[in-house]
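Produce the complete structure using the sequences and hints provided.
Residue numbers (the numbering used here), protein chains in the order written: chain B, 1 to 155; chain X, 1 to 145.
I should point out that these hints are in silico values taken from the structure, not numbers from a laboratory.
Bear in mind the structure is a predicted one, so any value in this text is a computation, not a measurement.
Among these hints, one or two may not hold up.
[What the hints assert, rightly or not] One-sided excerpt, in silico: chain B residues whose CB lies under 7 Å from chain X:
1. T65
2. Y97
3. T98
[Claimed, not checked] Keeping only pairs whose Cα atoms sit at most 20 Å apart, straight-line, the calculated SDA-like set for lysine to any residue is:
4. X/K140 / X/T107
5. B/K125 / X/A56
6. B/K72 / X/D42
7. B/K72 / B/A8
8. B/K125 / X/A94
9. B/K125 / X/R91
10. X/K140 / B/G101
11. X/K140 / B/E145
12. X/K31 / B/G33
13. B/K70 / X/G38
14. B/K9 / B/P77
15. B/K72 / X/G38
16. X/K140 / X/H115
17. B/K72 / B/T108
18. B/K70 / X/H43
19. B/K70 / X/N44
20. B/K72 / X/A37
21. X/K31 / B/F27
22. B/K125 / X/I95
23. X/K140 / B/D96
24. B/K9 / B/T132
25. X/K140 / X/R9
We treat Cβ as the ideally placed atom computed from N, Cα and C, and that holds for glycine.
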Amino acid sequence: MGIFDRSAKGHITPVIEITIERGALIFFAETIGETNPVHLDTCAARAADHPDILAPATYAVVVGTLAGQKAKRRGQPDILELINGDLRVLLHGAEDYTYHGPLYAGDTVQVENEITGFSDPKGGKLEIAHITTRISHPQRGLLVEANRALIHRLS
Amino acid sequence: MTTTITIARTPDTAQVGDHLPPLTFGPISRKTLALYAGASADHNPIHIDLDFAREAGMDDVFAHGMLSMAQLGRLVTGWAGQSRLRGLSSRFTAITPVGATVTCTGTVSDRLEQHGRVLLTLALAAHIDDGTRTLRGEAKVCGTP
Chain B
1 MGIFDRSAKG HITPVIEITI ERGALIFFAE TIGETNPVHL DTCAARAADH PDILAPATYA
61 VVVGTLAGQK AKRRGQPDIL ELINGDLRVL LHGAEDYTYH GPLYAGDTVQ VENEITGFSD
121 PKGGKLEIAH ITTRISHPQR GLLVEANRAL IHRLS
Chain X
1 MTTTITIART PDTAQVGDHL PPLTFGPISR KTLALYAGAS ADHNPIHIDL DFAREAGMDD
61 VFAHGMLSMA QLGRLVTGWA GQSRLRGLSS RFTAITPVGA TVTCTGTVSD RLEQHGRVLL
121 TLALAAHIDD GTRTLRGEAK VCGTP
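This is how it looks when you write it as structure tokens:
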């Protein structure tokens, strides 16, 4: 028997606005070992025709997490609470990004999470929650769609 | 038998079977994990709190899968430029322990030309020192319009 709350299927979280902070972006880029200055230095980014520091490809996951934390501060449940995730047995199974446009420092983006469903592979040894995160900009439209599989080890 | 490895130069000229220049990251220390937890806002204690990890039945903390996926991202964007990246995906096939060095590799697995524009599919992988594959991924990269 699984742990995830299956009644969360189809739930879409209220839209949360997140402003991409320059310092936070640089901290992330440095931590992952990024050396391309378009991710680290505003002048270099502008010299390369970007309006500001360019977020690395996997920064979308951070934006999704920040939105969850902001939701929590507002008294709304984050995704883990909605699906009843148990961190002791939770694993990240898969992550998939489709890019429609770049994400820059200074952007204020709208973040929406959807719990698209659950699956039960390997004869019940695992259960998987499928989450979609959409990051959109009010003028530039949808920038990134992220699909995530979160796994509970059940045995 | 001799195997020739061809390094792909640019997305426009890359052919199926060409390799991307590989990328290594690490060794991944506990400090790296603490910094990544802060930088990514992923505060899951299984990656940074040994007491929590042991209570959860693990011998030790282990690296965030997304830290390795970030390396797959660097592998592809470092080669193609981020403006050409259309998609990036990964399955996390094994845990990355503390102390591991991650090696990321990529191979051109498909090449399409549509309306004069190249669209490449790259098969990606991350392996750790003992040969275990920790991530299996894919990227979609386009050529010059």
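Subject >> Violating hint indices (sorted, rising) >> reply: none
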